[in-house]
Amino acid sequence: MRSSLIVKDLSASYKDTKEPTDVFRSVSFQVESGKILGVFGPNGSGKTTLLKVLAGLKPAEAGEVVLPMRNGEPGPVATVPQDYRSSFFEWANLEHNLALTSTSLPSHPQQAVRSARALRTELGLDLDLSLRPRRCSGGMLQQAAMIRAFQDAPSLILADEPFSALDFNVAATVRSSFRRMVKKRGITAIVVLHQIVDLSEVCDEVLVVPGRPFSTELLPGLEHAVIMQNEFLSTDQREDRVGFLALAGRVLGGAR
Amino acid sequence: MAKAVEVRAKLAGLFKRHSWILAFVLIFGLWEAGSYWHLIGRTLLASPREVWEVLARSAFFSKLDDDQNVYIHAFYTFRRALSGWGLTVVGGVVFGLVTGSFEALYVGTEPIVEFARVIPPVMAFPLLLVAFNYGEPAYTWTIVFGCLPVMTFAVARGIRGISREKLEILAAYKVPGVVRGFSVVMETLPSVFLGARLTLTMALIIAVVTEMVFTPRNGWALGAIARDSEISFDTPVFYACVVVVGLFGYLANRGIRKIEELLGVASSSDETE
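One line per chain: the protein sequences are A and B, in this order. Position 241 of the first sequence, counting from 1, maps to 241 under this note's numbering, and the rest follow consecutively. Every position in the second sequence, counted from 1, becomes a number in this note's numbering once 1000 is added.
Derived by calculation from the structure, the hints in this document are not laboratory data. A portion of the hints provided could be inaccurate.
Subject to a maximum C-alpha distance of 30 angstroms in a straight line, what follows is the list of computed DSBU-like cross-link-like pairs (lysine-lysine) [what the hints assert, rightly or not]:
(1) A/Lys58 x A/Lys8
(2) B/Lys1010 x A/Lys35
(3) A/Lys35 x B/Lys1166
(4) A/Lys184 x A/Lys15
(5) A/Lys35 x A/Lys8
(6) B/Lys1258 x A/Lys15
(7) A/Lys18 x B/Lys1166
(8) B/Lys1016 x B/Lys1003
(9) A/Lys58 x A/Lys18
(10) A/Lys35 x A/Lys18
(11) A/Lys15 x A/Lys58
(12) A/Lys8 x A/Lys18
(13) A/Lys35 x A/Lys184
(14) A/Lys58 x B/Lys1174
(15) A/Lys184 x A/Lys18
(16) A/Lys183 x A/Lys58
(17) A/Lys183 x A/Lys18
(18) B/Lys1010 x B/Lys1166
(19) B/Lys1166 x B/Lys1258
(20) B/Lys1258 x A/Lys183
(21) A/Lys8 x B/Lys1166
(22) A/Lys183 x B/Lys1166
(23) B/Lys1166 x A/Lys58
(24) B/Lys1174 x A/Lys8
(25) B/Lys1016 x B/Lys1174
(26) A/Lys184 x B/Lys1174
(27) A/Lys15 x B/Lys1166
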């Protein structure tokens, strides 16, 4: 039995300066299992910070995050980091890097390796997992980071620009298999994206973040982030696509 | 035309692969020329042939007093250097792992380590000689005193240098403590090996210098024989000592590099496009 990701009145700020800098305040939304929420906004608007707070890597100042449940407990969280290159260990090949983050490593190391190979096939990737990270291009490492995200059947995937280094063909394959696997496995996914084509092909909903600090509520002094339904997945709904682009452009334009 | 380009490329590759032979021949050629034409006086420079004779006689124990056998002296010197270095590596890894793992401890101890590592270890040698009643431990602990801050600093820097993304991946995926610890140790190994190679060189230098300052009780010391041969203008023996120390340092460094390669933690410049 899977449930939704619920984010309630979440706030975060940077405290590395004398005065804390607000990143976002009173952010609330809900994403059902099997749904993909895109996060779209200008650089430095706090999208990555939002993902880090949701992953539990950065403490929230206020608010609540209810992770999608599995067997009565919060399910595993997987991440695809923005700096995917630095997330791989140079002393191990890709296969062993992927096995490192697998829960089956301590008891069944061979199973961890087999699972990585199977996921590669399921994602439709042609990636040599015997290579060391330093021998891989950015695109190859990003593919490996995507395989890692689907290991151990996560209930939540938080991906930060997961298609940014992929070539045209691989990006198309990964976009479609990512969406297919999220739906099939009932995973909740939040994906930071900058390309309209990625948003339109991958996401069910889009959180448009106009700037920093932002809020999903209308509050004075804060940029208003809005969630929009992605109604333009089918090509015959061009008007909706144009409508989305116009709205996104207006929101982002207003931040400047 | 194409053949000429091919030959030129082959020659360039051959030259690149075996340039060390050329450097070796050049150095020995200059050395031989300098000593043959007395460009530098015999009291300062022995010829390669004379040095070779000392090394060969030492190897076959012929026409040479035992107390002039550079290999026996070298054995004791290397034993001192290696015992001090071994303690340094063990202590440095432990202290480095602890100080590097806790930011407050790292920040707090960094000035102390920085202060300690610029103190010439020979300054502590007379004190340690007295403390250890002019015995062997004085040499060992002088090496430890000189090398430990460097080793500790290298390991601690290695720990602090692990990228945030790697640590975040381990944390986000809730990797078990044992696997996390293993990953951190493996990630720190290049710094451990760097520190080990650096301190091995330092240990050799400190061992020889301290032996030159004060001859050990048993009389076996490469530093002491080098000093005595310099004083008595027995330059072939002096240069034989130089060659033996250099060769040992080179081979030991190569050995550590080999272990790094076997463990898969050696740095490489190969990159993909």
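Structure-based check of each hint:
1. A/Lys58 x A/Lys8: 16 angstroms, holds
2. B/Lys1010 x A/Lys35: 59 angstroms, violated
3. A/Lys35 x B/Lys1166: With Cα atoms ~28 angstroms apart, lysine 35 of chain A and lysine 1166 of chain B stay inside 30 angstroms; holds.
4. A/Lys184 x A/Lys15: With a Cα-Cα distance of about 40 angstroms, the restraint between lysine 184 of chain A and lysine 15 of chain A is violated, given a limit of 30 angstroms.
5. A/Lys35 x A/Lys8: 18 angstroms, holds
6. B/Lys1258 x A/Lys15: 46 angstroms, violated
7. A/Lys18 x B/Lys1166: Answer holds: lysine 18 of chain A to lysine 1166 of chain B is near 28 angstroms, not above 30 angstroms.
8. B/Lys1016 x B/Lys1003: Cα-Cα ~20 angstroms, so holds.
9. A/Lys58 x A/Lys18: 19 angstroms, holds
10. A/Lys35 x A/Lys18: Measuring from Cα to Cα gives roughly 39 angstroms; hence the hint is violated.
11. A/Lys15 x A/Lys58: 11 angstroms, holds
12. A/Lys8 x A/Lys18: Holds, because 28 angstroms separates the two Cα atoms, which is no more than 30 angstroms.
13. A/Lys35 x A/Lys184: Given pair lysine 35 of chain A, lysine 184 of chain A holds - Cα atoms ~10 angstroms apart, limit 30 angstroms.
14. A/Lys58 x B/Lys1174: 15 angstroms, holds
15. A/Lys184 x A/Lys18: 47 angstroms, violated
16. A/Lys183 x A/Lys58: Satisfied, since the Cα-Cα distance of roughly 28 angstroms is no more than 30 angstroms.
17. A/Lys183 x A/Lys18: 45 angstroms, violated
18. B/Lys1010 x B/Lys1166: With Cα atoms ~42 angstroms apart, lysine 1010 of chain B and lysine 1166 of chain B exceed 30 angstroms; violated.
19. B/Lys1166 x B/Lys1258: Within the cut-off at roughly 26 angstroms; holds.
20. B/Lys1258 x A/Lys183: 49 angstroms, violated
21. A/Lys8 x B/Lys1166: The hint holds at about 29 angstroms.
22. A/Lys183 x B/Lys1166: 29 angstroms, holds
23. B/Lys1166 x A/Lys58: 15 angstroms, holds
24. B/Lys1174 x A/Lys8: 24 angstroms, holds
25. B/Lys1016 x B/Lys1174: 48 angstroms, violated
26. A/Lys184 x B/Lys1174: 24 angstroms, holds
27. A/Lys15 x B/Lys1166: At roughly 22 angstroms apart (the allowed maximum being 30 angstroms), lysine 1166 of chain B and lysine 15 of chain A satisfy the hint.
In summary, the structure is inconsistent with hints 2, 4, 6, 10, 15, 17, 18, 20 and 25 from the numbered list given earlier, while agreeing with the others.
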